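The residues making up each chain are set out below.
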Amino acid sequence: SAVISQKPSRDICQRGTSLTIQCQVDSQVTMMFWYRQQPGQSLTLIATANQGSEATYESGFVIDKFPISRPNLTFSTLTVSNMSPEDSSIYLCSVETSGYNEQFFGPGTRLTVL
Amino acid sequence: QKEVEQNSGPLSVPEGAIASLNCTYSDRVSQSFFWYRQYSGKSPELIMSIYSNGDKEDGRFTAQLNKASQYVSLLIRDSQPSDSATYLCAVDKSGTYKYIFGTGTRLKVLA
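Chains as they are written, first to last, in the working numbering: chain A, 1 to 114; chain B, 1 to 111.
In short, the hints are calculated from the structure, not lab data. Bear in mind that the values here come from a model prediction, so they are computed numbers and not experimental data. There may be inaccurate statements among the hints.
Said to hold, decoys possible - No more than 30 angstroms apart at the CA atoms, straight line, and that leaves these computed lysine-lysine pairs for DSSO-like:
1. B:Lys-67 - A:Lys-7
2. B:Lys-93 - B:Lys-56
3. B:Lys-42 - A:Lys-7
4. A:Lys-65 - B:Lys-93
5. A:Lys-7 - B:Lys-93
6. A:Lys-65 - B:Lys-98
Stated by the list, open to error - Quick partial rundown of chain B residues pointing at chain A, CB under 7 angstroms, derived from the structure:
7. Ser-30
8. Tyr-39
9. Ser-43
10. Leu-46
11. Ser-52
12. Tyr-71
13. Pro-81
14. Ser-94
15. Lys-98
C-beta atoms are modelled at their ideal positions from N, C-alpha and C, and glycine is treated no differently.
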C-alpha cells in the first residue's frame with residue numbers, strides 16, 4: 001500500500017487563527033479524502049479532495065471553514081480556518097489505492113485550539 | 001437510527017479466546033464493508049474488507065456479511081493482548097467511495 005505522510009503531526013493554535021495540514025503520498029492516487037476524529041469519537045468525512053477541481057464537501061462542512069487544495073495526484077492540503085476550541089480534533093487524510101474501494105489512512109494531525 | 005451502529009464496549013475476552021465484534025448498517029444499497037483497528041493515539045489500520053455475503057478469512061480474522069440482515073461481523077480467533085484496540089466498522093455509502101464509520105468497539109484481551 002502507499003506510504004502516506006502528514007504535516008504537522010500535532011499543533012497547538014490560538015482561537016481565530018488558521019492551520020494548513022499537508023498530506024503527501026508516495027504514489028499517484030485518484031481518490032483522496034479528509035476526515036475528522038473528535039476526542040473520543042469516530043471518524044467523520046469532511047470532504048473528497050478532487051484533483052483539478054473544487055473539493056466535494058459533506059453535509060455540515062463548508063469550503064470557507066475547511067478550504068482544500070489538490071494540485072496533483074500525490075498531494076493535498078486541508079486548512080482549518082478561524083479556529084475555535086470546537087475544532088480540536090485529529091485530522092486524517094486517506095487514499096484509495098487498491099482498486100477495491102479500500103482506504104488507507106495517514107498518521108493524522110492532532111490539533112488543539114486554545 | 002444511526003447509519004452504522006456498533007456496541008461501544010469494552011468487550012473483554014481472555015487470551016486465546018474468540019472475540020466477536022458486530023456492526024449493523026441502515027443503507028440497504030451499501031456494497032462494501034470494512035473493519036479497521038485503531039490503537040490509542042494512532043490512525044486506523046485496515047484489517048479486512050468484505051463485499052459478498054458469507055465469510056472471508058485472513059489469518060486469525062474472519063469477516064462475516066449478511067446483507068439481508070444488514071449485519072457485518074469480525075471474529076478474531078486466538079485473541080492476543082496485542083489485539084486490544086478499538087475496532088471500527090465502515091460502510092461504503094451507496095457505492096460512492098464515501099465511508100460512514102461506526103463509533104467503534106473497544107476490545108480488551110486479558111492476559
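Hints and how they fare:
With a C-alpha separation of about 39 angstroms, the suggested pair Lys-67 (chain B) and Lys-7 (chain A) falls outside the 30 angstroms cut-off, and the hint is violated. For a cut-off of 30 angstroms, the pair hint linking Lys-93 (chain B) to Lys-56 (chain B) stands: about 21 angstroms separates their Cα positions. Straight-line distance between C-alpha atoms of Lys-42 (chain B) and Lys-7 (chain A) comes to about 15 angstroms, which keeps the hinted pair within the 30 angstroms bound. Taken as a hint, the Lys-65 (chain A) and Lys-93 (chain B) pair is honoured in the structure, with Cα atoms around 24 angstroms apart against an allowance of 30 angstroms.
For the given pair, Lys-7 (chain A) sits about 29 angstroms from Lys-93 (chain B) by alpha-carbon distance, which is consistent with the 30 angstroms threshold. Note on Lys-65 (chain A) and Lys-98 (chain B): the hinted pairing holds, with a Cα-Cα distance of about 20 angstroms set against a maximum of 30 angstroms. With a least beta-carbon distance of about 11 angstroms to chain A, the hint placing Ser-30 (chain B) at the interface is violated under the 7 angstroms criterion. A distance limit of 7 angstroms between C-beta atoms decides the matter here; for Tyr-39 (chain B) the minimum to chain A is near 12 angstroms, and the interface restraint is violated.
Interface restraint check: Ser-43 (chain B) against chain A, minimum CB-CB distance 4 angstroms, threshold 7 angstroms, status holds. Taking 7 angstroms as the C-beta cut-off, the interface hint given for Leu-46 (chain B) holds, the closest approach to chain A being about 6 angstroms. With 7 angstroms as the threshold, the beta carbon of Ser-52 (chain B) stays out of range of chain A, its nearest partner Cβ sitting at about 12 angstroms, so the hint is violated. Using the Cβ-Cβ criterion of 7 angstroms, the hint placing Tyr-71 (chain B) at the interface with chain A is not satisfied: the shortest such distance is roughly 18 angstroms.
The beta carbon of Pro-81 (chain B) comes no nearer than 23 angstroms to any beta carbon in chain A, farther than 7 angstroms, and the hint placing it at the interface is violated. Here the hint on Ser-94 (chain B) is broken, as its CB sits about 12 angstroms from the closest CB of chain A, past 7 angstroms. The interface hint given for Lys-98 (chain B) is met, as the beta carbon of that residue sits about 6 angstroms from the closest beta carbon of chain A, less than 7 angstroms.
Checked against the numbered hints listed earlier, the structure breaks hints 1, 7, 8, 11, 12, 13, 14; every other hint is satisfied.
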